[in-house]
Amino acid sequence: NAGVMQNPRHLVRRRGQEARLRCSPMKGHSHVYWYRQLPEEGLKFMVYLQKENIIDESGMPKERFSAEFPKEGPSILRIQQVVRGDSAAYFCASSRGGATNEKLFFGSGTQLSVL
Amino acid sequence: AQSVTQLGSHVSVSEGALVLLRCNYSSSVPPYLFWYVQYPNQGLQLLLKYTSAATLVKGINGFEAEFKKSETSFHLTKPSAHMRDAAEYFCAVSRSGNTPLVFGKGTRLSVIA
Numbered sequence: 001n002a003g004v005m006q007n008p009r010h011l012v013r014r015r016g017q018e019a020r021l022r023c024s025p026m027k028g029h030s031h032v033y034w035y036r037q038l039p040e041e042g043l044k045f046m047v048y049l050q051k052e053n054i055i056d057e058s059g060m061p062k063e064r065f066s067a068e069f070p071k072e073g074p075s076i077l078r079i080q081q082v083v084r085g086d087s088a089a090y091f092c093a094s095s096r097g098g099a100t101n102e103k104l105f106f107g108s109g110t111q112l113s114v115l
Numbered sequence: 001a002q003s004v005t006q007l008g009s010h011v012s013v014s015e016g017a018l019v020l021l022r023c024n025y026s027s028s029v030p031p032y033l034f035w036y037v038q039y040p041n042q043g044l045q046l047l048l049k050y051t052s053a054a055t056l057v058k059g060i061n062g063f064e065a066e067f068k069k070s071e072t073s074f075h076l077t078k079p080s081a082h083m084r085d086a087a088e089y090f091c092a093v094s095r096s097g098n099t100p101l102v103f104g105k106g107t108r109l110s111v112i113a
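Protein sequence lines, in the order shown, are assigned to chains A and P. The numbering used here applies: residue 1 is where the first sequence begins, and numbers increase by one. The numbering used here applies: residue 1 is where the second sequence begins, and numbers increase by one.
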């Protein structure tokens, strides 16, 4: 039973390009959470999705960021027109049910570097 | 709103010494509390969680934490540190149900031989 898979592991983009980060949850998990970790900071919640639905996006920047979790395939975090401030580690986590009732499993993250 | 404060961004202990990592929380409702560990270049792993059952929670790798409502604390301890415990530790809080976890800034634990 593979864990939460995130790819790519490292992503380098130039300012103005688009970044697509993928997350495949653990088998049987239908809840996905995206977190961003800036240097010297803890993880900041971005968005919580269940299959085909965004449940909570209160942590998502209002512009340039979007997320989806289609019926088939991985969850995608998309950042348009990246800026240097978007450089961070982006972690995905999944659970079978809500995060407080079920164990939350984290992927190894995608390190985004914006040049 | 909920929040956690981790006192000390960096803690250094000798191998075999007591580990104490501090976490204070703020919550308007009875909280769910968690400790996660992050090893270099890896995702977070759950060490333990408190969900209103026993106030002393035992986790993996010999760690435990005690929920103290009067002090709004959930400090993480381990009687004897090992070199392999060197990592970043995060405290997190949540209200209940499907609400996302709110993480502290983390404490980096160094273990000196």
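It should be emphasised that the hints constitute simulated quantities derived from the structure, not laboratory data. In this text, all values refer to a predicted model and were calculated from it rather than measured experimentally. A portion of the hints provided could be inaccurate.
Just the calculated beta-carbon pair ranges, DEER-fashion [as the list claims (entries may be wrong)]:
(1) 55(A) with 20(P): 20 to 30 Å
(2) 103(A) with 55(P): 16 to 26 Å
(3) 51(P) with 17(A): 39 to 49 Å
(4) 81(A) with 82(P): 25 to 35 Å
(5) 17(A) with 58(P): 23 to 33 Å
(6) 20(P) with 103(A): 42 to 52 Å
(7) 96(A) with 39(P): 19 to 29 Å
(8) 105(P) with 55(A): 24 to 34 Å
(9) 77(P) with 103(A): 19 to 29 Å
In silico DSS-like pairs for lysine-lysine, Cα to Cα no more than 30 Å straight-line [said to hold, decoys possible]:
(10) 51(A) with 27(A)
(11) 105(P) with 69(P)
(12) 51(A) with 62(A)
(13) 27(A) with 69(P)
(14) 44(A) with 62(A)
(15) 71(A) with 44(A)
(16) 27(A) with 68(P)
(17) 71(A) with 27(A)
(18) 44(A) with 27(A)
(19) 68(P) with 103(A)
(20) 68(P) with 62(A)
(21) 51(A) with 58(P)
(22) 51(A) with 68(P)
(23) 103(A) with 69(P)
(24) 58(P) with 69(P)
(25) 62(A) with 69(P)
(26) 103(A) with 44(A)
(27) 62(A) with 58(P)
(28) 51(A) with 71(A)
(29) 105(P) with 58(P)
(30) 71(A) with 105(P)
(31) 71(A) with 103(A)
(32) 68(P) with 58(P)
If you only want the chain A side, here are some residues facing chain P, beta carbon under 7 Å, derived [what the hints assert, rightly or not]:
(33) 38
(34) 39
(35) 65
(36) 73
(37) 103
(38) 106
(39) 107
Backbone N, C-alpha and C define an ideal beta-carbon position, used for all residues, glycine too.
Query raised in the report: Regarding the pair residue 71(A) and residue 105(P), is the alpha-carbon distance no greater than 30 Å?
Result: Roughly 34 Å separates the two Cα atoms, so the pair is violated.
Query raised in the report: Is the Cα-Cα distance between residue 27(A) and residue 69(P) 30 Å or less?
Result: 37 Å, violated
Query - 30 Å limit on alpha-carbon distance, applied to hinted pair residue 44(A) and residue 62(A) - result: 15 Å, holds
Report task. Assess, step by step, whether the Cα of residue 27(A) is no farther than 30 Å from the Cα of residue 68(P), and give holds or violated. Result -> 36 Å, violated
Query raised in the report: Does the Cβ distance between residue 96(A) and residue 39(P) fall inside 19 to 29 Å?
Result: 24 Å, holds
**Report entry** Agreement of residue 62(A) and residue 69(P) with the hint, judged by alpha carbon distance not exceeding 30 Å
**Finding:** 36 Å, violated
Requested in this report: Measure nothing beyond the straight line between the CA atoms of residue 51(A) and residue 58(P); if it is 30 Å or shorter, mark the hint as holding.
Outcome: It is violated: about 33 Å lies between the C-alpha atoms, which goes past 30 Å.
Query raised in the report: Is the hinted range of 24 to 34 Å satisfied by the C-beta distance from residue 105(P) to residue 55(A)?
Result: 25 Å, holds
Query raised in the report: Are residue 105(P) and residue 58(P) close enough, with their CA atoms no more than 30 Å apart?
Result: Roughly 23 Å between the alpha carbons, so the hint for residue 105(P) and residue 58(P) holds.
Report task. Mind checking the alpha carbons of residue 51(A) and residue 68(P) for me, to see if they're no more than 30 Å apart? Result -> Distance ~37 Å between residue 51(A) and residue 68(P) Cα, so the pair is violated.
Requested in this report: So, residue 65(A) near chain P? Judge it on the closest CB pair being under 7 Å.
Outcome: The hint is violated - residue 65(A) has no Cβ within 7 Å of chain P, the shortest such distance being about 16 Å.
Query raised in the report: Range hint 25 to 35 Å: satisfied by the CB atoms of residue 81(A) and residue 82(P)?
Result: 46 Å, violated
Violation of the numbered hints given earlier is confined to hints 1, 4, 5, 6, 13, 16, 20, 21, 22, 25, 27, 30, 33, 34, 35, 36; the remaining hints are satisfied by the structure.
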